[in-house]
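Engineer: Combine the two chains into a complex, taking the hints into account.
In order, the protein sequences belong to chains A and B.
All residue numbers for the first sequence refer to this note's numbering, where the first residue is 1 and numbers rise by one.
All residue numbers for the second sequence refer to this note's numbering, where the first residue is 729 and numbers rise by one.
Quick caveat, the hints were computed from the structure, so don't treat them as lab data.
Be a bit skeptical, because a hint or two may be false.
Said to hold, decoys possible - Covered by chain B, according to a simulated footprint, are these stretches of chain A (three or more residues, beta-carbon under 8 Å):
1) 297-310
2) 382-396
3) 463-471
The model shown is predicted, which means the values in this text are computed figures rather than measured ones.
Backbone N, C-alpha and C define an ideal beta-carbon position, used for all residues, glycine too.
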Amino acid sequence: MYGHAGKILLIDLTIRRCTIIQTSAYEGWVGGHGLGSALFWDLVKDKTIDGFDPTNLITIMTSPLTGTLATGASARVEVQGIGVQSSPIGWFTRSNVGGRFGTMLKYAGWDGVAVIGQADMPIWIDIRNDAVSIRTATHLWGLDTWETQRQIWKEVIGTSVPGDWFDFDSPGIGRRTTQLPAVLTIGPAGENKCRVASLIHDAGNSSGQGGFGAVWGAKNLKAISVIGTGSVTIADPKALMEARLWAKKNYETHLGKLRDIKDPTPIKFHFGFGAQRVPMVMWRRPKEHRPQACTGCHSGCRTRTGTGQGNESSCIDTEFYSHFDLSSNSGPAIKALIKSLENINQKGTAKAVGLVLGRQTDAAYRTADLMQKLGINAGELWYGLPYLRDLYKMGVLGPGKEIECDLPFDEFGQYEFAEKLLHKMAYREGSAAEIADGFYRAARDWGRLEEDLGSGILRFPWWGLPDHYDARAQIEWGYGSIMGDRDINEHDFNMLFWMASPAIWRGRKPLVSAEEVARIYAEKMEPYQNDSLLLDYSTENIYSEHMAKLVAWHRHYTRFWKQSVLFCDIRYADIFNPNRPDHRGMTGEAEPRFFRAVTGRDLSFADGNEIGRRIWNLDNAIWTIQGRHRDMVYFADYIYTQPFAWQFSGSLSMYYLPGRKNGRWKYIPMEGRTLDKVKFDEWKTHFYELEGWSTATGWPMRSTLEQLDMKPVADALEYNGRIGREIA
Amino acid sequence: MGFRLRERTGPTPVTIYSFVEAVGFLYDQHPRIDFAQLASWVNTVMGDAELAQLLHVVAALKASHQRKTERFRELMTERLLQCIEQR
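So that you can see chain B by itself, here it is in the shape it has in the complex (with noise of 0.2 Å):
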């Protein structure tokens, strides 16, 4: 589960049922999401681990929440072309 923050209506909750949906997620304007959470979910969910040991070396980075964003949003939607281009 992430946030969604908007001025007027606050944290509200955002529960992500696919990997699709967690990739769009990371696009709205305030993504709020805990990064070793998504990064567990990638591997015990989606079954991918070789993402999901990146994606723990970002969460465990020195570095702000939006960077973190960042870099979780380009390595999961170059996995999710990867396997758009595969099928």
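Looking at chain A on its own, in the form it has when it is part of the complex (with noise of 0.2 Å):
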């Protein structure tokens, strides 16, 4: 197929042994992570084991659209393997990263690296186009992230100087380049096998969850660093370009047309093709600071700073500290503001002294730094420190107490205490430092997991791992991250929440009715499309069939589309776009355009979504042989018990989400629900008969998975006792 490099490098540590598959062997799976979900069931026997076995395999898989100008789909990687972080199983599971690494793999003639078994020292694995050598890495060992890439773009740049054109000692097609290579690396988090340890590309390009960072640490390898001088050949250069510009020009926010859009929300929080916030950062943007994208991306979600502080983080790596920062630095800026500002009016003072409150220093960024240096989840964080700071609160963590910590947190919000926090975790420091195994194991041990999950002040709902958006609201979120392996971090169906719900707040009407939206959404859900009650939020509608199709829809299509042929989140799906008359995006017509351009290949949309029915049901199945089954299918019990933001019942409500009323469409306020553990059980049956599982166990059935050609799969079910079968 077109797109494809045509090979993949199968590293084995143990006995240092490169292998190349070719991928036309795996082309049914397209790429990213179908291929990693096939070459995992091919080449791990026993899918049982421990995430820090030596037999797990780590796949770094590409996509035929990597390294083209498939706008926002050249760029990430899709990361898999048994992972170490979740609970009460270490489930197959999958994280993803974007910046250079893939385009580089690609560019040096290779769909992915897949690495299995323990190397007898740290090693690093230098692939130059072709040629690929496993080195010693002891004297990188130790370092942390940045220190690494730094240390391999001068051995393998040798004297050349960063930016000037070099040599490099390649048998593959030309072997001069400017470019530095690509490396994805681990920190110390990884070396000291913390289950929060992630793997880091470039400054702040990270791959977190999943705990893969430890999973490198156990292997002993410290990183992978790729350059390539090559190319990907495209079926029809000219159909990819001009997808790019219809694209561009069709569903792009143009600046110039910003007035014209009617829109009373604030239309920065657009997501989709034309989203316009970027970069995608949550802090106060320091003054000096420029977009910057992933390979070919027309995008640029990350910043570029002058001062070179928080350089590419994004997203929650921008936000986990930077509101602590901002708070624990207003107090004494008022003070000194107040002797300044006594001869202003009330009005002016109030005023000046709204803008000194949002003081920022620069503890957020250096501490996002520092997070990307040692190699730590961001995610893991954005909820683990409240939890810290509330046990320490209510008196139950500190110097002296219950649980022995001692965390300075007089000085909580500044750099210090970040860094003592951070260090704790990456390096296992002093007390309290269970924590580096992430905050869910930390509570079990301390003894409070049951009684932390019940009130909610610990917020990981699903796997042992932390909250996003919220499962009693957020629904298609929630179900489709605990009918997996992790949260599921897809943002298909946030725009339902953000178009109406700013437009709420302030006393205006949304956009468009809740009905349009839902028959908007519909439209594109093949092979559900137009049935507008997949997409009824409403209590009386969540534990229906309708539900089941919504997110059965959801995981298909993410599975292919997005984490195979890797579209970014940041962009897709472009289902509801603003920027357009009649608000219907460009997803169903835009992702088999780009892919067709690239291949070669007349794949639907549609198509897609049945390989990502395919792939999911895979996933399924190595999910059930590692241990799953429906009775350990629930979430945590404040999502059962304590209602969703449950201040605001009776009050102005936050979260409105499209559902019917007495039969008519609205936006209704999600507060105060909480999801009924009897009758989301009964759901799960819903979903388990849409997908062809067994309602009893929930794995797949020999005759789902013949009709998708996985008889093999079928047939390792049956082997292992644990195909699914019909009720008698």
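Structural biologist: In structure tokens:
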């Protein structure tokens, strides 16, 4: 298939042997996640192993679109393997990272790298086009992720000046480049096998979920470096450029036209292809900064800053400490200001103080940088840090308390606190070092798990992993996460909330009605298209077959288009697009158009979703062998007992989603809702039936797998005594 | 407790432990909080019955969430300034 480099690199670290796998042998799985799951299935004989077991396979797979100008789909790689972060079982799981690594891999002639085994000493993998070397990394062990990359760059480019042409010894096509190698590496957290350790590339591209940094640490794998001078062969370059220009012209936000958009909501909330809000950082941006994009992307959702602090961090990286930085540095600033504002009227004073209250220091930037350097997952800190602070405020945690902890909480919000916290995690230093393996495990070690999951102060609702969009409101997010292996982190339906709610907060009418937005979404949802009830978030509907279809569609769509073809979550799906007069986004048309131009393969949107279903089934087969059973598929207690945003009950609402009330479509407030445990269990039956999985166990049934051309998978499940069966 | 809202991260709960934190929270980009509960907290925890009474009046107004946030922010900021000046 066009777009593929044609070969996958398999490295066995135990015996230090490199093997080439022809990509064509796995062409039906297309790329990314599909390739990774299929390789894992074939190469890992015992799938019940722990993530730290040497026979665990870690795959890093590109897509046919990687390294091309398919915008928003040119740079991500999918990382998979058995993770060490989730509980009670370390599921076969996934993560994803952007930057330059995937494109460089393709330019070096590889569709992916798969690593198995365990080296007997620290090593790094050096890929220069076709040449692959396993090199000693004893001198790199102990370095942080930035130091490691700098050292590897130095070793690869020799005495050349970065940015100048240099030669490297390779038998491949072309041996000269101006580019630095793309390096994916672990930091001290990974070396110390912290279960929340991530893989880092460049300054702030991170593969966080799953704890793959710790898995690399166990394998003694410090880094993979790749530099390539080839290119990607495209079926129809003209069609690809036309597709890119078509997308940009018709669906992107054009700054000059912003005033024409009669949108009463702040459109910076927009998700999808035309999302205006870049860079995607949530702290106060430094004065001097510019957007920075992954290779080939039209968008720049990261930043490069004048100070060099906070480079490339985005999203949660920029969120988890900036709020505490803001609040902890406000008080002293107010006092200083008061003295100089005596002659200003009250209104002016209030306004000025308001600005000062928002004062942010460089603590947030420096904290994010340190987190990237040590190689720690920001998602874990996002909900773990408030939990730690709550325990301190409750008098449970601290010096001489029930949970001995030497962190300086009087410096909370300052860089000094963050530095000690992150070092405690990465190096397992001092008291309360249990948090190195995540806050869920720490709570268990402290004997607080049941109580804190019950009250909801420990917001880890699924598989021992931190919350994100709340399962009691954003149903497809919660259900998708618990039916899978991790926080899905897929924002395809969040526009339903963001398009309407800000308008309602301001006492205005949303851009389109609840009924219309449901219709727009439903149009795209092949093979369940035009059934608006899939988008009915009312309590009466969330346990229905319609909601099962919504979750199934989402799982299939993302498994293929976003995780295998690797369209980026920042720009896809583009379902509702306020830049368009009809508000219809380009999803459904854009994905197959780009795919066809690159690969030459005429695959429809529905065909892609069906391949996604196949991949999703293979994943469930793996989870089934690992020990998954429907009886263990449930949320943490607080999801069933503590109403969502209960503080808002009986007051103005915060979170609106479309739904029907007395037969009429409305934006319905989600506050006060808990999930009903019994009804959710009944909903699982709808979902299993829809997927062709046993309603008794949740295991795939032979008929389903054979219909998907996966008879060997059915045979393996049968052999393991875990094939799904109909209830007699 | 309030909620900080961001596109990518959704509604993040924020536990508020002091008056300064409460005022600071109201200056967030999208602070969402139950006004009646906040007014009651000012009364019972902060012991400021006068301010709480005013806040309850605002909480009961027929106004948008945004407008109420702005009014709460103004009143609580003013009180914070008075507190600091009194020291």
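Engineer: Does each hint hold? Answer for all of them.
Structural biologist: Status of the hints after comparison with the structure:
Counting residues of the region 297-310 of chain A whose C-beta lies closer than 8 Å to any C-beta of chain B gives 0; at least three are required, and the coverage claim is violated. Given a C-beta distance limit of less than 8 Å, the hint that chain B covers the region 382-396 of chain A holds, as 5 residues qualify and 3 suffice. Coverage of the region 463-471 of chain A by chain B holds [criterion: at least 3 residues with CB-CB distance below 8 Å; count 3].
Hint 1 alone, counting from the list given before, is not met by this structure.
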